[in-house]
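Peer 1: Whole structure, please, built from the sequences with the hints as guidance.
Sequential numbering from 1 applies to the sequence shown in the numbering used here.
Hints should not be assumed to be uniformly reliable.
Said to hold, decoys possible - Here are the simulated lysine to aspartate or glutamate pairs, DMTMM-like style, with alpha carbons at most 25 Å apart:
{"id": "1", "residue 1": "K130", "residue 2": "D86"}
{"id": "2", "residue 1": "K106", "residue 2": "E61"}
{"id": "3", "residue 1": "K122", "residue 2": "E97"}
{"id": "4", "residue 1": "K130", "residue 2": "E104"}
{"id": "5", "residue 1": "K122", "residue 2": "D86"}
{"id": "6", "residue 1": "K16", "residue 2": "E104"}
{"id": "7", "residue 1": "K106", "residue 2": "E79"}
{"id": "8", "residue 1": "K106", "residue 2": "D119"}
{"id": "9", "residue 1": "K122", "residue 2": "E13"}
{"id": "10", "residue 1": "K122", "residue 2": "E61"}
{"id": "11", "residue 1": "K122", "residue 2": "E79"}
{"id": "12", "residue 1": "K130", "residue 2": "E13"}
{"id": "13", "residue 1": "K122", "residue 2": "E30"}
{"id": "14", "residue 1": "K16", "residue 2": "E30"}
{"id": "15", "residue 1": "K122", "residue 2": "D48"}
{"id": "16", "residue 1": "K16", "residue 2": "E61"}
{"id": "17", "residue 1": "K130", "residue 2": "E79"}
No lab work stands behind these hints, which were simulated from the structure alone. Please read these numbers as outputs of a predicted model, since none were measured by experiment.
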Amino acid sequence: MFSHVMVGSNDIERSKRFYDAVLGVLGIGEPLRNQNSTGQTRLFYRHDGGTLCISEPINREPATPANGGTIGFRCSSAEQVRQFHDAAVAHGGRSIEDPPGLREGKLGAMYLAYVRDPDGNKLCALHRPK
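Peer 2: So, in structure tokens, the structure goes:
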């Protein structure tokens with residue numbers, strides 16, 4: 001459905017360290033670094049036909065997280081969800097909501113972990129057991 005998701009960063013090098021570690025857990029390699037014509041640096045992490053872009057805001061205003069927004073990452077196992085969470089916390093993110101674990105609900109069982117990146121963007125690691 002989506003081609004890409006872009007979030008802003010107030011410190012692109014801090015964000016690179018964070019996302020290199022967190023996305024590395026999912027097997028996603030180094031980003032493509034790009035500087036646009038007005039001087040903002042952007043990092044493009046590409047994987048399985050989708051792209052996550054981390055960008056300095058083009059309008060030169062401070063980057064802020066989306067209120068109510070969450071970016072979800074599909075994980076292959078409950079252990080990978082835990083690794084995603086732990087890498088995030090170890091690299092400047094913070095754990096939010098309930099601790100990583102199994103959640104039962106109307107949508108079925110899901111193993112989830114929620115974190116905020118260093119700029120406050122909300123991320124979710126998710127695995128659906130079969």
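Peer 1: The structure should be examined with respect to each hint, and the outcome stated for every one.
Peer 2: Results for each hint:
For the hint pairing K130 with D86, the CA-to-CA distance comes to about 24 Å; that is within 25 Å, so the pair holds. The straight-line distance between the Cα atoms of K106 and E61 is roughly 40 Å, outside the 25 Å bound, and the hint therefore fails. In summary, the hint linking K122 to E97 is supported, as the alpha carbons are separated by about 11 Å, within the 25 Å threshold. The suggested pairing of K130 with E104 holds, with an alpha-carbon distance near 13 Å, which does not exceed 25 Å.
A distance of roughly 15 Å separates the Cα atoms of K122 and D86; the hinted pair therefore holds under the 25 Å criterion. Annotation: proposed proximity of K16 to E104 is violated, straight-line Cα distance about 34 Å (limit 25 Å). For the hint pairing K106 with E79, the CA-to-CA distance comes to about 23 Å; that is within 25 Å, so the pair holds. With a CA separation close to 32 Å, the supplied pair K106 and D119 exceeds the 25 Å bound.
The suggested pairing of K122 with E13 holds, with an alpha-carbon distance near 19 Å, which does not exceed 25 Å. A C-alpha spacing of about 20 Å is found between K122 and E61, which places the hinted pair at or below 25 Å, so the restraint holds. The hinted pair formed by K122 and E79 meets the criterion: a straight-line CA distance of about 20 Å does not exceed 25 Å. Restraint check for K130 and E13: the C-alpha separation of about 38 Å exceeds 25 Å, so the hint is violated.
Of the supplied pair hints, the one linking K122 and E30 holds, its CA atoms being roughly 21 Å apart against a limit of 25 Å. This hinted pair checks out: K16 and E30 have alpha carbons roughly 9 Å apart, not beyond 25 Å. Pair hint K122 plus D48 holds up; C-alpha atoms about 21 Å apart against a cutoff of 25 Å. For the hint pairing K16 with E61, the CA-to-CA distance comes to about 20 Å; that is within 25 Å, so the pair holds.
Taking the CA atoms of K130 and E79, the gap is near 15 Å; set against the 25 Å cutoff, the hint holds.
In summary, the numbered hints that this structure violates are 2, 6, 8, 12.
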